[in-house]
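Asks: Starting from the known structure of chain A, arrange chain B on it as the hints suggest.
Protein sequences appear in the order of chains A and B.
Numbered continuously in our numbering, the first sequence closes out at residue 341.
Numbered continuously in our numbering, the second sequence closes out at residue 1215.
FYI, nobody ran anything at the bench for these hints, they're computed from the structure.
Certain hints may be false.
Each pair of labels, with its calculated beta carbon distance range [unchecked claim]: (1) B:Gly-1093 - A:Ile-250: 12 to 20 Å; (2) B:Met-1212 - A:Leu-128: 52 to 60 Å; (3) A:Leu-140 - B:Asn-1215: 23 to 31 Å; (4) A:Ile-230 - B:Glu-1161: 41 to 49 Å.
Glycine included, every Cβ here is placed at the ideal spot set by N, Cα and C.
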Amino acid sequence: MVNVLDNSTFKIGTIPFFQLFLLFLLIGMIIVVHSLRNSVRKEKRIRDFSIAPDTDVSILKYYRVLYVKFIKYLAFKFKDSVLLNKYGKYYDVYVDVVNPYYKKGSEFLISEIVFSLLWLLIIYLAFLLNGYFLNVFLILLVLLFGMLFIMYRHYKKFSNYRKEIDKAFYEFMTILLAFLQKHSFDQSLELLINKTQGAVKAELKKMQVDIRYGLSIQQAFIRCYERTKIHNFQIIANYIYAVPNVGGNIVDSFTLSYNTLLDKSKMERYVFTRTFKFYMFLIFLSFIPCVVFLCFLFFNNDYFSLLTSTIIGRLIIFIICIVYIVYILGIRFIIKGCVRL
Amino acid sequence: MTKLKRKIDRLGYYAPLSYVKFTRIRFLTTLFLFIYLLFIIEKYYFYVPLITILYYNLFRVILVDWPLNFYVSRYERDSLQFFELVSLAVSKGMNIEMSLESTAKYFNCDLSYAYIAALIEVKFGKSLVEAVNDMEVPSQIVKEALVSLMNKDMHTNKRMESVDKVVLKLKENMHREMHKRIKLVPIQTLLLLLIVFVPLMLLIVYAKDIVMLFN
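Pulled out of the complex, with its shape left as it was, chain A reads as follows (with noise of 0.2 Å):
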């Protein structure tokens, strides 16, 4: 990083014209909000008076949509691109549960360079405001940033879909099996639908659409689980195969997955129940390295110097970091391999 405060120089390239540009640009902005403002406070006086409009778009939802129209353009210039197909498939998966707007794997891959683009942007004049330029490793580390912020988002939210419906999943099967001793799957389908709520709603109303196109059960519970990635559905699919090849119905096939997946829920809960307090005994941890690290900085700023400035130091930080991904990663081992029933 280059300090070049300067009191003497005003040239045009030198940083106090950055800094007056962006002065500029910032009064601007508040002339245009004040008068937006103003806009809405004579439009209060007359909303009683007047009917609402079809479109009743608020400011912020107007730039929202021309934000996804742009990636939709960009989306559009880029469709034959073989790379953007091909990790965009990882992300068909998101398609609706974790945005709206966006309807195909190759959009939010875009939607996440864009962000850590004008993440990049912010933290960029951010830093030119203070007086400071960035280095290529800087701006590298920063766009890393974002894109891991940003897909960290993402992940979560279809994570959580996931685990409603992991927790939803044993009642679920209730009563779907209460439904199946008088009414036929279809039927049964339409009343779960109308009983449950939330991401379970909208994931029977895509297996819904799924057979009434003409697919058969077994097919629709495949593709729940390739949406979805939960391990119960492959079951009850394999089942819902093998089953009437067998000897049963349909109605012998349900109760045998709901049998063999509320042992493993059980056990799984016995495990969770015993081993709770040492998952977050570790995880309690992992976060003490980072306390220390501020509290160390916090106390003296000149602490770390050394570790910046010469190779060992440098060395020594890169070693630190493979350490704290292998406590990660071993904490994953532990957790993974006991609750794998």
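Replies: Relative to the frame of chain A, chain B by itself:
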């Protein structure tokens, strides 16, 4: 046949390396590691043979033992579902031979593939009991369960009880494995903390001193 070859045969299709490749790669890599470490480490020669022995054993553990344990647990879980289908077929009136054949045809599982291979041997002249005894199954419990079905009560009205016994045995086995894994967790946490967390904290706290040592 050595122990290692038996383990790799049990893995079958899911083995990362064959026996011959495994032994050759292990031998060559330990040799090169030994020589390379001798060149690098200038003061503490005592640790080089220890590291090579560790690597020699870790090579086997990571590539054969752990995959085998995961595979056997998955195999037993799938075979439980297989035998539940068999019990359903038997409750609808089929005998054990036909129920095993139909479940093996329509339920995709490694046990079913092995059973179909045994049925092909029956076509060429073997009896069913011989073919089942000669089947290559990675877990001992599943093989004992299958063999116990081939008894004198196969064609009588008591076949339902024998199938229920098999299902109970496998469920008890899964409970036992669950308890084993619960017992492993505190040991694994302790090892993780000692080997990974404590050096991490020491590195962060004494980073300055280490840098000054080398300079």
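Asks: All the hints need checking, so say for each whether the structure fits it.
Replies: Now the hints, each set against the structure:
1. B:Gly-1093 - A:Ile-250: 12 to 20 Å: Distance hint for Gly-1093 (chain B), Ile-250 (chain A) holds at roughly 19 Å.
2. B:Met-1212 - A:Leu-128: 52 to 60 Å: Violated: the Cβ-Cβ distance is about 37 Å, outside 52 to 60 Å.
3. A:Leu-140 - B:Asn-1215: 23 to 31 Å: 29 Å, holds
4. A:Ile-230 - B:Glu-1161: 41 to 49 Å: Cβ of Ile-230 (chain A) to Cβ of Glu-1161 (chain B): about 35 Å, so the range 41 to 49 Å is violated.
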